[in-house]
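Q: So you can see what is in the structure, the chains are spelled out below.
There are 6 protein chains.
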Amino acid sequence: MKSTVNEFRAYRAEMNERILKSGFSDFNKFFALDNKAYVNGALNAKTKELMGLAVSMALRCNDCILYHVDRAIQEDATMQELYETFNVALIVGGSIVIPHLRYAVEKMDEIFSTKETQERENKNEI
Amino acid sequence: MKSTVNEFRAYRAEMNERILKSGFSDFNKFFALDNKAYVNGALNAKTKELMGLAVSMALRCNDCILYHVDRAIQEDATMQELYETFNVALIVGGSIVIPHLRYAVEKMDEIFSTKETQERENKNEI
Amino acid sequence: MKSTVNEFRAYRAEMNERILKSGFSDFNKFFALDNKAYVNGALNAKTKELMGLAVSMALRCNDCILYHVDRAIQEDATMQELYETFNVALIVGGSIVIPHLRYAVEKMDEIFSTKETQERENKNEI
Amino acid sequence: MKSTVNEFRAYRAEMNERILKSGFSDFNKFFALDNKAYVNGALNAKTKELMGLAVSMALRCNDCILYHVDRAIQEDATMQELYETFNVALIVGGSIVIPHLRYAVEKMDEIFSTKETQERENKNEI
Amino acid sequence: MKSTVNEFRAYRAEMNERILKSGFSDFNKFFALDNKAYVNGALNAKTKELMGLAVSMALRCNDCILYHVDRAIQEDATMQELYETFNVALIVGGSIVIPHLRYAVEKMDEIFSTKETQERENKNEI
Amino acid sequence: MKSTVNEFRAYRAEMNERILKSGFSDFNKFFALDNKAYVNGALNAKTKELMGLAVSMALRCNDCILYHVDRAIQEDATMQELYETFNVALIVGGSIVIPHLRYAVEKMDEIFSTKETQERENKNEI
Chain A
-10 MKSTVNEFRA YRAEMNERIL KSGFSDFNKF FALDNKAYVN GALNAKTKEL
40 MGLAVSMALR CNDCILYHVD RAIQEDATMQ ELYETFNVAL IVGGSIVIPH
90 LRYAVEKMDE IFSTKETQER ENKNEI
Chain B
-10 MKSTVNEFRA YRAEMNERIL KSGFSDFNKF FALDNKAYVN GALNAKTKEL
40 MGLAVSMALR CNDCILYHVD RAIQEDATMQ ELYETFNVAL IVGGSIVIPH
90 LRYAVEKMDE IFSTKETQER ENKNEI
Chain C
-10 MKSTVNEFRA YRAEMNERIL KSGFSDFNKF FALDNKAYVN GALNAKTKEL
40 MGLAVSMALR CNDCILYHVD RAIQEDATMQ ELYETFNVAL IVGGSIVIPH
90 LRYAVEKMDE IFSTKETQER ENKNEI
Chain D
-10 MKSTVNEFRA YRAEMNERIL KSGFSDFNKF FALDNKAYVN GALNAKTKEL
40 MGLAVSMALR CNDCILYHVD RAIQEDATMQ ELYETFNVAL IVGGSIVIPH
90 LRYAVEKMDE IFSTKETQER ENKNEI
Chain E
-10 MKSTVNEFRA YRAEMNERIL KSGFSDFNKF FALDNKAYVN GALNAKTKEL
40 MGLAVSMALR CNDCILYHVD RAIQEDATMQ ELYETFNVAL IVGGSIVIPH
90 LRYAVEKMDE IFSTKETQER ENKNEI
Chain F
-10 MKSTVNEFRA YRAEMNERIL KSGFSDFNKF FALDNKAYVN GALNAKTKEL
40 MGLAVSMALR CNDCILYHVD RAIQEDATMQ ELYETFNVAL IVGGSIVIPH
90 LRYAVEKMDE IFSTKETQER ENKNEI
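Residue numbers (the working numbering), protein chains in the order written: chain A, -10 to 115; chain B, -10 to 115; chain C, -10 to 115; chain D, -10 to 115; chain E, -10 to 115; chain F, -10 to 115.
Hints in this document: simulated from the structure, not taken from any laboratory. Fair warning: there could be bad hints in the mix.
A pair holds if it fits inside one copy or across any two, identical chains being indistinguishable in the list.
Stated by the list, open to error - Here are the simulated BS3-like pairs of lysine-lysine, each with C-alpha atoms no more than 27 angstroms apart in a straight line:
no., residue 1, residue 2
1, K96, K10
2, K25, K10
3, K104, K18
4, K96, K25
5, K104, K25
6, K112, K96
7, K10, K104
8, K112, K18
9, K112, K10
10, K25, K112
11, K96, K18
Using the sequences plus the hints, can you model the full thing?
A: Here it is in structure tokens:
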């Protein structure tokens, strides 16, 4: 539960590769559809990642929450946008969502903090 | 299941009034928080209604689906935006969402068709 | 959805009989365990029926809600006790529970109203 | 809720056509993957339909239950096999599944009874 | 998963403080409503905590289970009352609840055992 | 989360014994019904274990997944049969099932690999 964001990313990548190389090709087709659901369209990628995040919190799936928080921040979601998304999930899903809100906030803080450190380092390199 | 959108709106309004006048004031506080979760903020109302819709489909609640489809269209969501939202819910929630996708499409068609008729009538009145 | 309490009771009784006479005896064993879970013990039957009601609302099962509202009122649960139970379910389960709260309140009103009429008639008969 | 099996089949077919002709092609891709999940493979179609039925009962989706009961019977599932499948779903999913067990038994009886009538008529035609 | 009760309490307190000091005040309003749902009323606090526990088990949320077991024991719930509550959740929610029953029993034992030790020490201090 | 299959088996056995010796006999009755649901009947044990696995994945319960993967392999389920079962669960339950698919594949690989090692050792002993 306390695995860092990087450990999660590594485990996820390793197991996804295992699954996508299993030879059972319908896994690959579903994974492709899954990725495609979040690309820019009438709604942009950031909106869809936040939507996926709200659904993941309401369905109470920590790995899915971490993935969509990570992706939403890559698409430049702000902390305020994330709070509003967390709040939709909390109100729709109720107090049963609170443990996942704690997890989401913890991981959001970790990702924003790493991002800030990297941006500071990038500036110093210049 | 086959109740029209108007019948649903009437039943919903009647029962909500019954609940909000029950004298149990924490119901009122929760309903107020619920409404507030979808107002314009860092994310706009349309985005939040579509988010609420995706969550409702993944949690498979027809009354919630109808409510958010109705509200999203009032906030000028287009059919393409609704399709993309339906698709996020379908991919996250799986084939168990399909009966609710049928319901969502049926109600979306009914609401868009009523809206069009009204807009045509409004033009003719001028 | 709009079937009266009596129609539900009749359908439930008919189908339960069909199931319990199917010859598949593990159905009977499960139904017996189910009934036994709500009898007086360290916790009394009313408390357990209200507990079953809260769980049914959070799991969003209308038939289960109607059954436990009916049983709780038979065990002399008051309207205030039912409101507090509804509220636990609403807070734990979130706004997705609201359609089921509307249903629970509607059926509670119907059952209390029938009960009152019967009690008045019983008095008049004396 | 009380729509006959034929009415359900007609509504399902009509709305699926509406969805598959919407022009949003990822719906078509998902529906194709969904159909493919139940074809004969290392496990045969009957086993997979019964598996889909057990999942549908545990996830408490009546339309999905009706669909898989219907398909399983087309694949020659017997009443005893259906009972054993119902029982896995009941034990895994608990008493919250009971309303869906009632629905599943009602629809199974309706489908077997129609099938018998048709087979008798077919014999008489010879 | 194997974190002791004290570690959970510390993590929960730390993250709740982080959330309640985020400046997003609707989180605070929801948390206040959540706390209020379990105070003495027509139903007493112990009954409501056991109710919250049954719902948490049926919704399969370990952190929520630990919290309500802890609170119910503070409100003087007995082991027998906890068993009857576990049983309602098990029967309503089915075998899928069993891993959470194991967790609930493990944590209940840990909390009762700590409580006993403390009570013995308190006596010795006199 | 990273506990090996053997650690899980030991914890499960220890806690089940604790529960079955609690003196609350309805736990024992439910556990007996649960075991009985998977024995050979009109459907064989392997089919029922795979069915239980599909339900466990769709309901997203890792401990249940591990248990049924383990049991299905004991009943001689092949990797291809497991893939087809995983796929039914993935399609019915959607992308929210993916973290549990990763877990299922990881544990399946661990169990098959242990089994192979043991079979090789058994041959060498001859």
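Q: Given a CA cutoff of 27 angstroms, do K96 and K25 count as a within-copy pair, a between-copy pair, both, or neither?
A: both (25 angstroms within a copy, 26 angstroms between copies)
Q: Classify it for me, K104 with K25: is the Cα-Cα distance of at most 27 angstroms met within a copy, between copies, both or neither?
A: within (26 angstroms within a copy, 31 angstroms between copies)
Q: Cα distance capped at 27 angstroms. Does K25 pair with K10 within a copy, between copies, both, or neither?
A: both (20 angstroms within a copy, 19 angstroms between copies)
Q: Could you place K104 and K18 in one of the four classes (within, between, both, neither) given a Cα distance threshold of 27 angstroms?
A: neither (32 angstroms within a copy, 31 angstroms between copies)
Q: Could you figure out if K96 and K18 sit no more than 27 angstroms apart (CA to CA) within one copy, between two copies, both or neither?
A: Classified as between: cross-chain Cα gap 23 angstroms, same-chain 30 angstroms, threshold 27 angstroms.
Q: Reference check for the pair K10 and K104, CA-CA at most 27 angstroms: within, between, both, or neither?
A: Between copies only: 22 angstroms across, 32 angstroms inside.
Q: Go through the copies and call it for K112 and K96: within, between, both or neither, with a Cα cutoff of 27 angstroms.
A: Cα proximity of K112 and K96: one copy only (24 angstroms, versus 44 angstroms across).
Q: State whether the alpha carbon distance between K112 and K10 is at most 27 angstroms within one copy, between copies, both, or neither.
A: neither (40 angstroms within a copy, 31 angstroms between copies)
Q: Evaluate K25 and K112 at a C-alpha cut-off of 27 angstroms and name the case that applies: within, between, both or neither.
A: neither (34 angstroms within a copy, 40 angstroms between copies)
Q: If the cut is 27 angstroms between Cα atoms, do K112 and K18 qualify within a copy, between copies, both or neither?
A: neither (41 angstroms within a copy, 40 angstroms between copies)
Q: Under a CA distance limit of 27 angstroms, which applies to K96 and K10: within one copy, between copies, both, or neither?
A: between (30 angstroms within a copy, 17 angstroms between copies)
Hint violations for this structure: numbers 3, 8, 9 and 10, all remaining hints satisfied.
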